[in-house]
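Student: Residue-level listing of the chains:
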Amino acid sequence: MVEKVKKIGYFDSSHDLPEEIIMAAGFVPEKILGNVNSASDLADQYLFKTFCPYSRSVLNEALKDPKRWEGFIIAHGCDATNRQFDIWKYHVETPFLYFFYKPLKTDKLAKKFLRRMIELLIETLKKKFNVEITDEKLRKAIEISNTIKRLLRELASLRAEKNIKNSEYFNVLKRALTEDKSLLIAEFTNILNEWKNRTPFTNDKKRVLLTGSDVNYVEFFELLDSCGLRVVRDDLSIGERYFNNEIPLNKESDPIDAIIEYHLSIPRPSTKHPSDPRLDYLLKCLKQTKIDGVIVQNLKFCEPYAFDSVWITNSLKSSNIKVINIERDYSGSFDQQLKNRLEAFKEMI
Amino acid sequence: MNKSKKNLKDEKRIYVRELKTTKYLKKLMFNYFIKAQIFSRIPWKYTAWTTSAFPIEFLWAYDIYPLHPENSATASGARKASLNLIEYAESLGFSRDLCSYFKTNIGAFDKKINFTIGGINKPDFCCTTGVICDTHVKWIQTQARRMNVPLFIFDIPHEVAGTDEKTRELYVDYIVEQIYEWQDFIYDLTGRKFSEKKFYSVLYKSDRLCELWQEIYSYRKLKPSPLGFNDTFAQIFPLVLLPGIDAGIKYYEKVLAEVKKLAAEKKGVIPNEEYRILFEGIPFWHKLKFLYDLANLNAVVVYEPYTYAFGPRKPLGLSVEESIRAFARLWLQQPYYYNLDNRIPYFEKVIEEYKIDGVILHNNMSCRPNSTGLIDLKNAIQRDMGIPVLIINSDMNDPRQYADEIMRNRYESFIELIKQNKKK
Numbered sequence: 001m002v003e004k005v006k007k008i009g010y011f012d013s014s015h016d017l018p019e020e021i022i023m024a025a026g027f028v029p030e031k032i033l034g035n036v037n038s039a040s041d042l043a044d045q046y047l048f049k050t051f052c053p054y055s056r057s058v059l060n061e062a063l064k065d066p067k068r069w070e071g072f073i074i075a076h077g078c079d080a081t082n083r084q085f086d087i088w089k090y091h092v093e094t095p096f097l098y099f100f101y102k103p104l105k106t107d108k109l110a111k112k113f114l115r116r117m118i119e120l121l122i123e124t125l126k127k128k129f130n131v132e133i134t135d136e137k138l139r140k141a142i143e144i145s146n147t148i149k150r151l152l153r154e155l156a157s158l159r160a161e162k163n164i165k166n167s168e169y170f171n172v173l174k175r176a177l178t179e180d181k182s183l184l185i186a187e188f189t190n191i192l193n194e195w196k197n198r199t200p201f202t203n204d205k206k207r208v209l210l211t212g213s214d215v216n217y218v219e220f221f222e223l224l225d226s227c228g229l230r231v232v233r234d235d236l237s238i239g240e241r242y243f244n245n246e247i248p249l250n251k252e253s254d255p256i257d258a259i260i261e262y263h264l265s266i267p268r269p270s271t272k273h274p275s276d277p278r279l280d281y282l283l284k285c286l287k288q289t290k291i292d293g294v295i296v297q298n299l300k301f302c303e304p305y306a307f308d309s310v311w312i313t314n315s316l317k318s319s320n321i322k323v324i325n326i327e328r329d330y331s332g333s334f335d336q337q338l339k340n341r342l343e344a345f346k347e348m349i
Numbered sequence: 001m002n003k004s005k006k007n008l009k010d011e012k013r014i015y016v017r018e019l020k021t022t023k024y025l026k027k028l029m030f031n032y033f034i035k036a037q038i039f040s041r042i043p044w045k046y047t048a049w050t051t052s053a054f055p056i057e058f059l060w061a062y063d064i065y066p067l068h069p070e071n072s073a074t075a076s077g078a079r080k081a082s083l084n085l086i087e088y089a090e091s092l093g094f095s096r097d098l099c100s101y102f103k104t105n106i107g108a109f110d111k112k113i114n115f116t117i118g119g120i121n122k123p124d125f126c127c128t129t130g131v132i133c134d135t136h137v138k139w140i141q142t143q144a145r146r147m148n149v150p151l152f153i154f155d156i157p158h159e160v161a162g163t164d165e166k167t168r169e170l171y172v173d174y175i176v177e178q179i180y181e182w183q184d185f186i187y188d189l190t191g192r193k194f195s196e197k198k199f200y201s202v203l204y205k206s207d208r209l210c211e212l213w214q215e216i217y218s219y220r221k222l223k224p225s226p227l228g229f230n231d232t233f234a235q236i237f238p239l240v241l242l243p244g245i246d247a248g249i250k251y252y253e254k255v256l257a258e259v260k261k262l263a264a265e266k267k268g269v270i271p272n273e274e275y276r277i278l279f280e281g282i283p284f285w286h287k288l289k290f291l292y293d294l295a296n297l298n299a300v301v302v303y304e305p306y307t308y309a310f311g312p313r314k315p316l317g318l319s320v321e322e323s324i325r326a327f328a329r330l331w332l333q334q335p336y337y338y339n340l341d342n343r344i345p346y347f348e349k350v351i352e353e354y355k356i357d358g359v360i361l362h363n364n365m366s367c368r369p370n371s372t373g374l375i376d377l378k379n380a381i382q383r384d385m386g387i388p389v390l391i392i393n394s395d396m397n398d399p400r401q402y403a404d405e406i407m408r409n410r411y412e413s414f415i416e417l418i419k420q421n422k423k424k
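Residue numbers (the numbering used here), protein chains in the order written: chain A, 1 to 349; chain B, 1 to 424.
Rather than coming from a laboratory, the hints here were simulated on the basis of the structure.
All figures in this text were calculated on a predicted structure; none of them were measured in a lab.
Possibly wrong hints are sitting among the right ones.
[Unchecked claim] Pairs of lysine-lysine, BS3-like flavour, derived with a Cα cap of 25 Å:
#1 A/K112 to A/K127
#2 B/K378 to A/K49
#3 B/K378 to A/K108
Please put together the full structure from these sequences, using the hints given.
Tutor: Written out as structure tokens, the structure is:
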């Protein structure tokens, strides 16, 4: 008999939860991605439609079928995570709901504080689920995570060389964030071999760098595919932010220290301070990879990225980089106007 | 004819009394803004931009003059100048969905408008915290970058519903460590060292200001209320900018004396106070006459968590270390950003104490954090307190989000509901 996979669902607004702690506790961490093709009626009983539609969709999924998960963790990233936590507490029927505060900053005090938060999370999981979270288990989880990140990095690097659709790239990433990582290694290795044998990148496509709000659904990538735009680099949380760095673990290092080091050095989202390293990462991508243009996109009501989009766009434009700035609704179908703009952008670059 | 059914447009407006001491407030504000103009130009004086929920005492303790872009934005809103400034910011690419205070500030700063309509000078540095919202952090990050000035951000962890004492203590530890870091930041920037004497003086004066505010506020429990929202939205100015210095204290003593006198004479804000309202959220600065629309229906707003929130009592009689720790603890939870576990009982207690007949909750397009949880709050109040609750969608500084006629209709229906409810 196959043992049922026990999952802890999590909601974060970037890459904020140390998944390896959950893995070491014997659970599969699943980033809840919401459902762009389903109305968020259940969540809309408690949240106005003028709030982040992605966060409403995540809450909707949790309200719809909470028993799919053993419990939930909300990791702080933006206002939606902490302010909506209370709504989850009042309405999502679950035996376990936990708030993980990941610091806003990355300095030495933040580092010390993050350790305390991770230790508290470990202590809470141990007590709640009667599990052991040992250094050995943490090391094992980190090794699995690093292997996945390494594979994702290799897969992602092929985007600029081979004929790989945006949607294919996204679907692989989605699996890494929602399924049992230990079972994905063999499969991702096969995909990597298959992608290596693909036909080369064709010149009818334009190479773009995708930045801005996190994209949680494949339909947006399909839209870009249909416009002849190929995402060859990005700095998204369901993207390079998730796999650009590995957790720096060696024989001597403490696994928690390694996790802290990792989380404070990953490509910076707009939800953290300072956000200037975000631009540095984009400029590095532009140096490393041949890119025709940059898409700065913002999900409706996603404020942290909306603030930064003006600065990011202007900074890139001042370096003579072709940039398009778009706002998108949380929807699986796109209006012709957006498609026209993207097609025009392709022509322009 | 029933007054609550009168057409507000056609009726003669009810007289809404304002405090006579307000004339001193105008003087106080003018002096503050003049000094802000002068200090911004004197090399040995330091000025800093800051935001709500940042303890202004941390600036006064170093004789750093606080400039408050949110407060200046309210002036733009009240003087009907905000729309042009917001549209200017949007023309730069800032989204229509972003905070209207922020966009007002972008316009006000870039266009160098006069301080009387919300203009603000470049500071020596900026400081803020994300305890209320991401917006404060992103706004100040954005402007510090544009103005090329140093920036200090306090990372205040969020105390969500159900946070236990152990977690809270860890949060407090983290805040305390940052307060010491802040002292280093100020020293590096200004050469000024932390002075225990100055700190205690500021703390004592801040507490005295808040003590007076709470006493003034308590008179609103009376029927009729001698103080309305039309008074408090302006009267919070000393709490926002002057906690820790004498000017605000002297002013509040005058206000208290007047309020006591009005209470003794049983003189209310409006001639015929029938319905007592609690208003949650930031008011529509561009449409402050909404209070007069309510007054015409014999309704007066007698409590606002927003104006009350600026005046928490301060920890006194403690060592410096203990005071800083108590301050850090205080910072975690305030009425404007209470989690639901605290927010619901807080509202219910106020409804009881202030004899509230109905609650208006402002779903503010420019303050999503404060607007989160309003539906649960509404349901809890209706269930537990049995009074009507109205949620209105609008914006604090963007007049495009307010439609006069629709709002008036809503107020009329709401007051009618209250009236029916009171008959039960």
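Student: So which of the earlier hints does this model not fit?
Tutor: Of the numbered hints given earlier, the structure breaks just one, which is hint 3.
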